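Residue numbers (the numbering used here), protein chains in the order written: chain A, 66 to 380; chain B, 2 to 530; chain C, 15 to 284.
Note that these hints are calculated values from the structure, not bench results.
It is possible that some hints are incorrect.
Unchecked claim - Keeping only pairs whose Cα atoms sit at most 25 Å apart, straight-line, the calculated DSS-like set for lysine-lysine is:
#1 Lys182(C) x Lys435(B)
#2 Lys182(C) x Lys413(B)
#3 Lys292(B) x Lys169(B)
#4 Lys435(B) x Lys413(B)
To be verified - Restraint ranges, calculated between C-beta atoms of paired labels, are given here:
#5 Leu111(C) x Asp339(B): 30 to 40 Å
#6 Asp132(B) x Val189(C): 34 to 44 Å
#7 Ile215(A) x Asn198(C): 53 to 63 Å
#8 Arg372(B) x Arg72(A): 26 to 36 Å
#9 Val189(C) x Lys413(B): 20 to 30 Å
#10 Pro18(B) x Pro194(C): 46 to 56 Å
#11 Asn198(C) x Glu93(A): 55 to 65 Å
#12 Ala289(B) x Pro233(A): 53 to 63 Å
#13 Thr106(C) x Pro233(A): 50 to 60 Å
#14 Leu111(C) x Gly420(B): 49 to 59 Å
#15 Ala30(C) x Arg149(A): 24 to 34 Å
#16 Pro194(C) x Ala289(B): 34 to 44 Å
Owing to the predicted nature of the structure, the values given are computational and were not obtained by experimental measurement.
In this text, a Cβ means the ideal position worked out from N, Cα and C, and glycines have one as well.
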Amino acid sequence: MLRYGLRRAASMLVSLAVASVVIFCAIEVVPGDPAQYMLGLNASPDTVAALRAELGLDQQPVTRYMSWITGMLRGDFGISYTYRTPVAQMVADRLWISLPLALYALILSTAIAFPVGIMAAARRGSVVDMGVIGATQLGIAVPNFWFAMILVVIFAINLGWFSAGGFPGWEGGLLAGIKALTLPAIALALPQASILARVMRSALIDTLGEDFVRTARAKGLSRRQVLWRHALRNALIPVLTIIGLQFSFLLAGAIIIENVFYLPGLGRLVFQAIAARDLIVVESVVMLLVFAVILVTFLVDLAYAWVDPRLRGAR
Amino acid sequence: MSLLRVRGLTVAIHGTPILREVSLDVAPGRILGVIGESGSGKSMTALSVMRLLPSGAEVSGTVRLDGQVLTDFSERRMRAVRGAQVGMVFQEPMTALNPLQTIGDQVSETLRLHDGLSPRLARARAREVLDRVGLPDPEFPLGRYPHELSGGQRQRVVIAMAIARRPKLLIADEPTTALDVTTQAQILALIRRLVDEDGMGAILITHDLAVVSGVADDVAIMRAGEVVEAGPTAEVFAHMRHPYTRALFDASGHHPDRPPHEGDVPLLQVEGAVRRYPGRRLGLWGRAAPKVAVDGVSFNLRHGENLGLVGESGCGKSTLTRAILGLEPLQGGRIALDGAPIVAGAVSVAARARLQVVFQDPYGSFNPRHRVARLVTEPFHLLDRPPTGPARDIAVAEALEAVGLQASDARKHIHEFSGGQRQRIAIARALIIKPSLIVLDEAVSALDVQVRAQILDLLADLTERYRLSYLFISHDLHVVRRITDRVLVMKEGRIVEEGPTEAVFANPTHAYTRSLLAATPVLPTRAAG
Amino acid sequence: MRALVLGGLLAAVFVAAAAVSFVWTPGDVTAVDIANRLQPPGGSYPLGTDHFGRDLVSMVMVGARVSIAVALVAVGIGMGLGVPLGLAAAATRGSWLDEVIMRGNDLVFAFPALLIAILITAVFGPSALNAIIAIGIFNVPVFARVTRGAALSLWTREFILAARVAGKGRIRISVEHILPNVANLLIVQGTIQFSLGILAEAGLSYVGLGAQPPTPSWGRMLAEAQTMISFAPHLALVPGLSIVLMVLGLNLMGDGLRDLLDPRVRKARA
Numbered sequence: 066m067l068r069y070g071l072r073r074a075a076s077m078l079v080s081l082a083v084a085s086v087v088i089f090c091a092i093e094v095v096p097g098d099p100a101q102y103m104l105g106l107n108a109s110p111d112t113v114a115a116l117r118a119e120l121g122l123d124q125q126p127v128t129r130y131m132s133w134i135t136g137m138l139r140g141d142f143g144i145s146y147t148y149r150t151p152v153a154q155m156v157a158d159r160l161w162i163s164l165p166l167a168l169y170a171l172i173l174s175t176a177i178a179f180p181v182g183i184m185a186a187a188r189r190g191s192v193v194d195m196g197v198i199g200a201t202q203l204g205i206a207v208p209n210f211w212f213a214m215i216l217v218v219i220f221a222i223n224l225g226w227f228s229a230g231g232f233p234g235w236e237g238g239l240l241a242g243i244k245a246l247t248l249p250a251i252a253l254a255l256p257q258a259s260i261l262a263r264v265m266r267s268a269l270i271d272t273l274g275e276d277f278v279r280t281a282r283a284k285g286l287s288r289r290q291v292l293w294r295h296a297l298r299n300a301l302i303p304v305l306t307i308i309g310l311q312f313s314f315l316l317a318g319a320i321i322i323e324n325v326f327y328l329p330g331l332g333r334l335v336f337q338a339i340a341a342r343d344l345i346v347v348e349s350v351v352m353l354l355v356f357a358v359i360l361v362t363f364l365v366d367l368a369y370a371w372v373d374p375r376l377r378g379a380r
Numbered sequence: 002m003s004l005l006r007v008r009g010l011t012v013a014i015h016g017t018p019i020l021r022e023v024s025l026d027v028a029p030g031r032i033l034g035v036i037g038e039s040g041s042g043k044s045m046t047a048l049s050v051m052r053l054l055p056s057g058a059e060v061s062g063t064v065r066l067d068g069q070v071l072t073d074f075s076e077r078r079m080r081a082v083r084g085a086q087v088g089m090v091f092q093e094p095m096t097a098l099n100p101l102q103t104i105g106d107q108v109s110e111t112l113r114l115h116d117g118l119s120p121r122l123a124r125a126r127a128r129e130v131l132d133r134v135g136l137p138d139p140e141f142p143l144g145r146y147p148h149e150l151s152g153g154q155r156q157r158v159v160i161a162m163a164i165a166r167r168p169k170l171l172i173a174d175e176p177t178t179a180l181d182v183t184t185q186a187q188i189l190a191l192i193r194r195l196v197d198e199d200g201m202g203a204i205l206i207t208h209d210l211a212v213v214s215g216v217a218d219d220v221a222i223m224r225a226g227e228v229v230e231a232g233p234t235a236e237v238f239a240h241m242r243h244p245y246t247r248a249l250f251d252a253s254g255h256h257p258d259r260p261p262h263e264g265d266v267p268l269l270q271v272e273g274a275v276r277r278y279p280g281r282r283l284g285l286w287g288r289a290a291p292k293v294a295v296d297g298v299s300f301n302l303r304h305g306e307n308l309g310l311v312g313e314s315g316c317g318k319s320t321l322t323r324a325i326l327g328l329e330p331l332q333g334g335r336i337a338l339d340g341a342p343i344v345a346g347a348v349s350v351a352a353r354a355r356l357q358v359v360f361q362d363p364y365g366s367f368n369p370r371h372r373v374a375r376l377v378t379e380p381f382h383l384l385d386r387p388p389t390g391p392a393r394d395i396a397v398a399e400a401l402e403a404v405g406l407q408a409s410d411a412r413k414h415i416h417e418f419s420g421g422q423r424q425r426i427a428i429a430r431a432l433i434i435k436p437s438l439i440v441l442d443e444a445v446s447a448l449d450v451q452v453r454a455q456i457l458d459l460l461a462d463l464t465e466r467y468r469l470s471y472l473f474i475s476h477d478l479h480v481v482r483r484i485t486d487r488v489l490v491m492k493e494g495r496i497v498e499e500g501p502t503e504a505v506f507a508n509p510t511h512a513y514t515r516s517l518l519a520a521t522p523v524l525p526t527r528a529a530g
Numbered sequence: 015m016r017a018l019v020l021g022g023l024l025a026a027v028f029v030a031a032a033a034v035s036f037v038w039t040p041g042d043v044t045a046v047d048i049a050n051r052l053q054p055p056g057g058s059y060p061l062g063t064d065h066f067g068r069d070l071v072s073m074v075m076v077g078a079r080v081s082i083a084v085a086l087v088a089v090g091i092g093m094g095l096g097v098p099l100g101l102a103a104a105a106t107r108g109s110w111l112d113e114v115i116m117r118g119n120d121l122v123f124a125f126p127a128l129l130i131a132i133l134i135t136a137v138f139g140p141s142a143l144n145a146i147i148a149i150g151i152f153n154v155p156v157f158a159r160v161t162r163g164a165a166l167s168l169w170t171r172e173f174i175l176a177a178r179v180a181g182k183g184r185i186r187i188s189v190e191h192i193l194p195n196v197a198n199l200l201i202v203q204g205t206i207q208f209s210l211g212i213l214a215e216a217g218l219s220y221v222g223l224g225a226q227p228p229t230p231s232w233g234r235m236l237a238e239a240q241t242m243i244s245f246a247p248h249l250a251l252v253p254g255l256s257i258v259l260m261v262l263g264l265n266l267m268g269d270g271l272r273d274l275l276d277p278r279v280r281k282a283r284a
């Protein structure tokens, strides 16, 4: 188990290193000089040179890459080109909206998908099953930001249960914060829950056709008992894969959904930064999100080992 | 008095008749062997008793267990019967256990379910049961997972689950078909012992007459959903009243006519062949010791000779076969066909053209998207100027006719043929470029006995007509005995015994050969008439 | 079969609308007509008009063009690169090449299409081409994985061994035997990625990383509708439903195709 965990951790570090190089190189090829851009066309060459030195832009790319990486490891993400404030602080403030939103949606999606998928598989071919197939087929087809708009029209504008957007800040209380994130989380979660419920259903149906299920039935277990005691855990393996993949979709989705609800999260930060050519902010946010995705992949790998004893021993 | 009494059992699934008026009796302390070829309905009979038929099944007739009419039971009452009064063992031990649960949990589940034992007590009982089926304590703790056990050991776990509650009836559906002969003998002995000790009745379903003749007290022979003959084993085998029984018996022991082989010119030479696989990785740098699959094997195969290669799974015969086919590199030694070296990735076209292969699986051996003509002519790729147009059609027709098919079959798709016909097509594909040597890799193992007998005849006939040599690889000693001139016995990567087939079978010199032969079930010699 | 026909019809309606829009649309999607702005559906404007007075039927038709083009080209990129990579990885299973391809796949998986789009936009500025590249890159590992997985199990089949014994090389076997046998799977996956591409394109153009004005696109129509949603909900409903119906059609088609082409399902039914 420990060896497996270490191997996965090593592979995660390699992925992170390569990802950071890719991101750095992508930003590196941007035409134009950020210092020039920040100071405007009328700046004197001396001022530009001074700013370049201050930002470290006069150094070799390898040196800059190393200082970017070591800086990030220390929590120093550099200074924003446009706001002239530490990027770390800006990102941290925004992260506390985007990350809880993605996690909230992930929990919702799982909480909806599991019972629905299990119910459909247990009553395969029934009216319930057909209903689930139809509803999830529709759920997958709905773009989450459009669904978000509809939720706003119904629950915020017409019913007035939620505010149409904005975020009171966590200092306004946990509950108020969660309430502000509820509509966006639902909008994000339902399409993903549709996918997950379908995966859960088909994984369970596949597992219920396995030989060991027949063995368990021959022991005298009922269909229901077999499903809960034997099939579910086996079906979890493909489901975990999808949950892992969904996190990156939810994170990306959160960035888009923030625009519907005017949430001051990473999404709004990064789009403003693109508009203002504040590349260091773009670079940091992208790196942070990639880090989150890779970390979740690693956690899913660990969860596999928890579910599947075959992974613990051998590799 | 019979324990299980099946009367007029008729089953149809979605309207397709599966069983017709099946009647069977099982007495306590006795084993009923149910024999049949694939599709004879023998497994469906077992599932009907357990009431575990697939959905869409319509059942009529009665199944009585110890006076209870199971066919009238509700699903709820039936659940109390399954596992408690009737235990079942399946064919495929590799997939019959839940891979995510320990064997202790899986065995104790039966006990907790029916007796409501506390987890601790159930585990203690599970321990006793595992001891009883030959998985004793220190080596096989309850915390083992299925993937840590061999096929035979897993089958013992499945048996433990089936007998944990001391059921009245044990149903074993092809319990040893997926196992090696020595393991098969152990599992059959275990079932016999449990039946004798507990006085339970048992149904042993198999396609293998020899297996049944060794352990079953009674037999029932099934064909196309019907029982054609039943009775005490010795009696049925002595009289064989039904022609089908006789046909099955003849096919099982069928010995094709072959003239003895003469001549001593080597065709295939294997000298000191070694194939090692790197050991599995330990940590980031370490590696386990390499695994030696083939460990210094040498032998010659002569022109026109049928050479057998036998051994149990994992003995290295598959690896050796692949090396001979030039698919697997060697770390030592050499292989040559008529002097031309065979080295993986660098086999000359001429050598390739003289060496063909027929595999085990008649279903996986062909690209499902191509027609027979294209499938059969694949080896033409090896000719400098492959025949085209009418010449190609003639070659295809000749090859198909040589294996007993028709020229018109060339236009069909592979899914239109039965397993035996497919194996004929596989032989036609090997034959079409007139090779010197055909490697038959378990080529008849997946076939029913009657089809197998026909294919063996065909092979014997082709040797003569085309001056072919065969390297016949099999785990089945009987088949090897019937078709080969000489035999090699392989164990743990080495050839442990080699000699003329009859001599080796009559007087095995190596202890391993002796144990293999002893474990192999034998057909009773047929009574006259 | 019903799913295939229904899904095919739905998708065909939008493909036809997109095709027709090249030669004819009911109204001009670039002309501003303030007199007829924000008309509700009905009358001479079956789906109403937007805040510039543009006919929504025409907007949806031209928008379909962008969506379909982006998603289709992205599937092409994904297949064109992913399938050969998957075939190569399977043919050289366990080698350094396989390892490099699979690690590369994992790496790309760590970049959701949106992040790729953000990076590209940061560098080159927003355009429909960005959306194509971002979604296309995202598709590559999907196709590579599907191809490799299916090819690996084929490589152990005996008909492949037979072809190897017949002296055929890895490349030839991959093209002659493996590819035709994974084609069905790729068609199904292609349909799924096509529908995901439509959704992704809508998302990207909604946040301004896709097609730029004045080209109409479904995502940007939604972005523009957002501020007017309380008094002109049809502006959001029309493009939104277009996306839903198009994606639904493609998904139904994918499911139908899988049932039709999967030999396991086919055998079970026979």
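Outcome of the hint check:
1. Lys182(C) x Lys435(B): Given pair Lys182(C), Lys435(B) holds - Cα atoms ~18 Å apart, limit 25 Å.
2. Lys182(C) x Lys413(B): holds, 24 Å
3. Lys292(B) x Lys169(B): violated, 46 Å
4. Lys435(B) x Lys413(B): holds, 23 Å
5. Leu111(C) x Asp339(B): 30 to 40 Å: Given about 35 Å between the Cβ atoms, the range holds.
6. Asp132(B) x Val189(C): 34 to 44 Å: At 57 Å between Cβs, range violated.
7. Ile215(A) x Asn198(C): 53 to 63 Å: Because 37 Å falls outside the window, the suggested range is violated.
8. Arg372(B) x Arg72(A): 26 to 36 Å: violated, 47 Å
9. Val189(C) x Lys413(B): 20 to 30 Å: holds, 25 Å
10. Pro18(B) x Pro194(C): 46 to 56 Å: violated, 38 Å
11. Asn198(C) x Glu93(A): 55 to 65 Å: Violated, at about 43 Å.
12. Ala289(B) x Pro233(A): 53 to 63 Å: Given range 53 to 63 Å: holds, Cβ gap about 59 Å.
13. Thr106(C) x Pro233(A): 50 to 60 Å: Holds - the Cβ-Cβ distance for Thr106(C) and Pro233(A), about 56 Å, lies within 50 to 60 Å.
14. Leu111(C) x Gly420(B): 49 to 59 Å: Violated - the Cβ-Cβ distance for Leu111(C) and Gly420(B), about 37 Å, lies outside 49 to 59 Å.
15. Ala30(C) x Arg149(A): 24 to 34 Å: Given range 24 to 34 Å: violated, Cβ gap about 54 Å.
16. Pro194(C) x Ala289(B): 34 to 44 Å: holds, 40 Å
Hint compliance for this structure: hints 3, 6, 7, 8, 10, 11, 14, 15 are not met, and every other hint is.
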